[in-house]
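K.L.:
Single-letter residue listing:
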Amino acid sequence: MAAVKPIEPPIGVELSSNPDPNAELAFRFLHYLLMMREVEDRIERKLYRQGKILGGVYVGRGQEAIPVASGMVAEPDDVLFPSHRDMALYLIRGVHPRQIFAQYMGRIGGLTRGKDGNMHMGDIKLKIVAIISAMAASVPVAAGAALALKYKGKKDIVFVFFGDGATSRGDWHEGINLAAVQRLPVVLICNNNQYAYSTPLSKQMACENVADRASGYGMPAEIVDGNDVFAIHESVRRAAAHARAGLGPYLVECKTFRMTGHSAHDPANYVPKHLWEEWGRKDPILRLEKQMLDKGWASQGDLDRVRSDIRSEVDEAVEWAEKSPYPEPSELLDNVYEKPQTDGVE
Amino acid sequence: MAAVKPIEPPIGVELSSNPDPNAELAFRFLHYLLMMREVEDRIERKLYRQGKILGGVYVGRGQEAIPVASGMVAEPDDVLFPSHRDMALYLIRGVHPRQIFAQYMGRIGGLTRGKDGNMHMGDIKLKIVAIISAMAASVPVAAGAALALKYKGKKDIVFVFFGDGATSRGDWHEGINLAAVQRLPVVLICNNNQYAYSTPLSKQMACENVADRASGYGMPAEIVDGNDVFAIHESVRRAAAHARAGLGPYLVECKTFRMTGHSAHDPANYVPKHLWEEWGRKDPILRLEKQMLDKGWASQGDLDRVRSDIRSEVDEAVEWAEKSPYPEPSELLDNVYEKPQTDGVE
Amino acid sequence: MEVTYLEAIRQGIWEEMERDPDVFIIGEDIGVYGGAFKVTAGMLDHFGERRVVDTPISESAIAGASIGAALMGLRPVAEMQFADFITCAYDQLVNFAAKCRYRWGAAVPMVVRAPSGGGTHGGPFHSQNPEAWFAHVPGLKVVTPATAYDAKGLIKSAIRDNDPVIFFEHKGLYRRIKGNIPDEEYTVPIGKASVFREGTDISVITYGAMVYVARDAADELAKEGISIEIVDLRTVFPLDEAAVLASVRKTSKAILLHEDILSGGVGGEIAARIAEKAFDHLDGPVVRIAAPDTPVPFSPPLEQAFLPSVPKVIEKARWLYNY
Amino acid sequence: MEVTYLEAIRQGIWEEMERDPDVFIIGEDIGVYGGAFKVTAGMLDHFGERRVVDTPISESAIAGASIGAALMGLRPVAEMQFADFITCAYDQLVNFAAKCRYRWGAAVPMVVRAPSGGGTHGGPFHSQNPEAWFAHVPGLKVVTPATAYDAKGLIKSAIRDNDPVIFFEHKGLYRRIKGNIPDEEYTVPIGKASVFREGTDISVITYGAMVYVARDAADELAKEGISIEIVDLRTVFPLDEAAVLASVRKTSKAILLHEDILSGGVGGEIAARIAEKAFDHLDGPVVRIAAPDTPVPFSPPLEQAFLPSVPKVIEKARWLYNY
Ligand SMILES: Cc1ncc(C[n+]2csc(CCOP(=O)(O)OP(=O)(O)O)c2C)c(N)n1
Ligand SMILES: Cc1ncc(C[n+]2csc(CCOP(=O)(O)OP(=O)(O)O)c2C)c(N)n1
Ligand SMILES: [Mg+2]
Ligand SMILES: [Mg+2]
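If you're matching them up, the sequences are chains Y, X, L and W in order. Per this note's numbering: the first sequence = residues 1 to 346. Per this note's numbering: the second sequence = residues 1 to 346. Per this note's numbering: the third sequence = residues 1 to 323. Per this note's numbering: the fourth sequence = residues 1 to 323.
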């Protein structure tokens, strides 16, 4: 299968005449951070409230650095198992915002043609596996994908994403244990945003860090600032190198915070105010922008340009998606099985 | 509910005129060790081969010290969740060998009146919960029992038993995590006999010890020689004290070896010969007997007497069980629900 | 007093917790958040953490812990955040909870509440109707209320029942359906169907949200002089076979209607009972109306085509009437 | 060549592994031990550790890993040590495996082998017939062979199928049933029933171990001049409705027979199809014979009373014949 070329952030790249190699990387990070933020803001704060998007809406506001940094580490033939706050992974793999909006609106322009909604999207050609709702169900499946890559003698690896709450599921334990015993090439990326819906860590686990569980699987783990895109990039690169070297799974725990409700209908009154303020100051985008200005990688004008270009790309994508038709009712019966189904449908 | 008085090992007790308090304890240990060994030998090596026992037969040969020591620590009102190699727990709680043989033969004299077989026996009055076949399914259930004891403000605690292989089940993870988060009074006793059916530890887990998993639940754990009944007794006493003090779950990993096949039909050819020899020398019964002689707690004559008394008790119990009738076919429909069932049984 | 279906369930649980100190609730986000659908709203404040147990994301442990607590004499009321996740607790429910009494005489008085059903654009994992997966498990009882009155009366009976009960609450009814319930306390027996509407020409046997689809179809058909009797099963396992057969013997024509998919659905079991035990009374084929054998699709036009509809019921009823 | 039902399955898997390097097996104790029932005996030596994956005790991970490998283009053949433990993998199978193609067009070509059925004194957890729990899940196929010929032909078709297949092997048939199978390679199509025995008076529609109970009853009944046609479903989901209806239209009387319990069993679905689509051809009630709604008991006299028997079939058939 041909490798998938990520969308280039043109502005960013062209502007980094700066010799520091991190300058260009920073612009790439910024592009995807802002694109994810803009796409999800549009979904959660506009289209959902306008009633143009139905069903559950979960966004990764404040956590964007995790999928952005991880997605930039993954090679095009690596297999991704995003969770429900990892939008950037799709963007980096070249899924167009048009397709994403169409997906959320249940149009045929979406990745599932309306069969499923929101983050439940995948594309086997892009090597992105769609989650099911059950938290952590992807973990054993990711182990199996890794087993297949090893079976075929490939050097590709698997990235599987999950939250702190998902680690309480039996599937999380079984999947990681199997991957560890079989030394499968899996990078485990935990977004520890300290809440699972309304449930704080103290009611989720009795250990301090998700990483404390790694010893039970004989695997290495590291904890990283989940709002520092460069730091995550470093950690995930170490994890990927470990997995690619055939040394088995490797856990990266990203400490972050969910800067919104669990889903679009959740005001999250259960979150103490001070946490919003505290973590608001740690916003990964503001942080990166400041860094870029401080290091002289970009001018305020550059940053504004990136933002405005993204905004117009997203405007266009929403328009496109709204024009994408709904599926025909007849499609209801398509693709239950490989061959058209005759039984149980009249 | 009235506390259940264990069967006294008369000989043992009366003989220990020895001032050392451990002398009497040693006789109690010996009684239950030998009784479990004798009962299970009779089941596996005689009745099963004679075709008098049908279905699966799993015994704890070589691991008897684990249920014996643990069962002696448990207070009569503590709740026990035996696994399939913990026969001594039933004996200590006062289940008569007659009932056990009848259970294995599918007679009404058994604890389940023939509804279920072998180790699948429980008695809520004795506070012993019957396992289901699915490994580790008892762990979340044990957590719930502990939750109930805490809910009622009792000081009683729960003991749940499992093997090394069972720790790979999602239920094991979910149950312990819940117990840890809720700080429930559960003593977790692992018989690490290095095999799960034909599967060695190396294919079961990527960590060296089951105890390595404890940190993931923020709970203490200790590793003990699973063939040293006094050592296990010490460890389990510490664990029970911890749980009874309201400090949450505590894991005791007992390193031992399964001195037989997985079940009566398994020759276990997959086990390297040297392991049989090595562990045969560590037999917990021979070890205790030697200790009792060395310390002058008992004479060879005493020990022989204990053995022969047990043998005749078991002979009598088998006779009794063989006379116990099979259930009437009409009992098939009893006890599906509290009230006699009318639907689906025409 | 008129209350919503949701409020009726909430009141039922609340009253039982007031009445019996051994009743407690356990599940995900049921405490400070009051549950994903707010069925347990206010209970943490009123009853405290001891009796409102927020758990990790561990459906199997929620079910297992409920079993353990029930074995010790408590009466847990567990919540699955969505019925679809009950699959994660399947072994505990069908093998542990269901079989304890039969195997060794141990009672497991527990309730598992599961918000089920579609029509809410929930997609494949927030819309399923899992009742048939449990209406095949001796030892369990499966309850599927359609009205506010029954919802309250049945949740109270479920909590008092000494056997494990799976209680399916239809999400689409939570706030859409209101009903008058008495101020004084009452219960509704598990295992008894009710005649939701009397009729003479055709028996429509159904439950849950489809009761209202049947009702709307019956209103239309009445204008054509076709008299529909609607039997609301209320409990789908064990079945109230007598009620079903009585209605069919009266009307001699039967339609089985459910939102769950056709194959392996509860309707098949009931149609089979009719075809075996009311055969001589039948004046026409036993008709089934159900969702097609597909996952539940997300996009509105697809979901609309998926769900059994009033026109579909009218069409089939006309056909059967003229048979 | 004459082989046992067990050996036929073993050969089928073996041949497919020889034919297609993407086929591999995964499960507990399937390697050095050759599986609890020895179905995979010799495969580790012949195919090596890469293609014979021994796992921890993790049914959900076995199912999940099979899905992941299948998504990557391999063809896993997973073994549940006993069908009863498939409940531990329920979410992965009914929510992940079954729905991938429908949701996002991803093929999941995997097989889950599950030794099921009673009559072996296995008790409540080593005797169940879980097919109905899956014959209600669109996206899955559920296969239940009765003969050595079909067992081999169907396991080969299941492995080549591009959709997930749950393959129930009846433990009671493993060594008891022998059959001649061709030396040259063959397959048996999934989704097609077969007429196990031709007859004219009554159609007995069954599958798995009960095919032989039906056969023995038919032999007896033949002496009384009652001619039984036996339809072996072979696949219970999706159903071969056409074959069922064709037989019933011919005989105009139908008995559904299965070892699984009555309520919610596959027999109900088929009886319903008959009552709806062959109604005018029926000359008598659609009779069902199945185990009662109880767990599977351990003690021989109880299990004997539990399992559908030849005398029971004879009695019901006589009654229906004279109806
Ligand atoms: C098995 C299961 N139970 C419950 C849910 C409902 N649910 C959806 S997301 C969520 C919280 C997940 O928390 P976490 O894993 O920390 O991820 P986060 O949303 O915080 O990123 C819950 C309980 C689910 N999806 N799956
Ligand atoms: C969920 C589940 N899968 C498979 C089995 C079959 N089985 C019975 S015992 C056993 C091995 C258990 O190993 P371990 O937990 O180490 O206990 P041990 O027998 O060694 O004492 C297996 C695989 C089972 N009982 N439950
Ligand atoms: Mg979280
Ligand atoms: Mg073991």
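You may find that some hints are simply not true.
[As the list claims (entries may be wrong)] With a straight-line cut-off of 20 Å between C-alpha atoms, the simulated SDA-like cross-links for lysine to any residue are:
(1) Lys-323(Y) <-> Lys-316(L)
(2) Lys-152(Y) <-> Val-310(W)
(3) Lys-312(L) <-> Glu-331(Y)
(4) Lys-316(L) <-> Glu-276(W)
(5) Lys-150(X) <-> Lys-312(L)
(6) Lys-154(Y) <-> Glu-276(W)
(7) Lys-155(X) <-> Gly-73(L)
(8) Lys-312(L) <-> Glu-220(L)
(9) Lys-312(L) <-> Glu-276(W)
[Said to hold, decoys possible] Simulated DEER-style distance windows between Cβ atoms:
(10) Gln-50(X) <-> Gly-48(L): 54 to 60 Å
(11) His-274(X) <-> Arg-237(Y): 53 to 59 Å
(12) Glu-224(W) <-> Pro-189(L): 44 to 50 Å
(13) Pro-189(L) <-> Gly-94(Y): 35 to 41 Å
(14) Glu-224(W) <-> Ser-252(L): 52 to 58 Å
(15) Gly-296(X) <-> His-46(W): 55 to 61 Å
(16) Ser-252(L) <-> Glu-315(W): 56 to 62 Å
(17) Ala-241(Y) <-> Leu-275(X): 44 to 50 Å
(18) Leu-275(Y) <-> Glu-75(X): 42 to 48 Å
Since the hints were made in silico from the structure, they are not lab data. Beta carbons: idealized from backbone N, C-alpha and C, even for Gly.
K.L.:
So, for every hint listed, does it hold in this structure?
P.N.:
Tested hints:
| no. | hint | verdict |
| --- | --- | --- |
| 1 | Lys-323(Y) <-> Lys-316(L) | 37 Å, violated |
| 2 | Lys-152(Y) <-> Val-310(W) | 51 Å, violated |
| 3 | Lys-312(L) <-> Glu-331(Y) | 19 Å, holds |
| 4 | Lys-316(L) <-> Glu-276(W) | 12 Å, holds |
| 5 | Lys-150(X) <-> Lys-312(L) | 54 Å, violated |
| 6 | Lys-154(Y) <-> Glu-276(W) | 54 Å, violated |
| 7 | Lys-155(X) <-> Gly-73(L) | 16 Å, holds |
| 8 | Lys-312(L) <-> Glu-220(L) | 12 Å, holds |
| 9 | Lys-312(L) <-> Glu-276(W) | 16 Å, holds |
| 10 | Gln-50(X) <-> Gly-48(L): 54 to 60 Å | 58 Å, holds |
| 11 | His-274(X) <-> Arg-237(Y): 53 to 59 Å | 45 Å, violated |
| 12 | Glu-224(W) <-> Pro-189(L): 44 to 50 Å | 46 Å, holds |
| 13 | Pro-189(L) <-> Gly-94(Y): 35 to 41 Å | 59 Å, violated |
| 14 | Glu-224(W) <-> Ser-252(L): 52 to 58 Å | 34 Å, violated |
| 15 | Gly-296(X) <-> His-46(W): 55 to 61 Å | 60 Å, holds |
| 16 | Ser-252(L) <-> Glu-315(W): 56 to 62 Å | 28 Å, violated |
| 17 | Ala-241(Y) <-> Leu-275(X): 44 to 50 Å | 38 Å, violated |
| 18 | Leu-275(Y) <-> Glu-75(X): 42 to 48 Å | 44 Å, holds |
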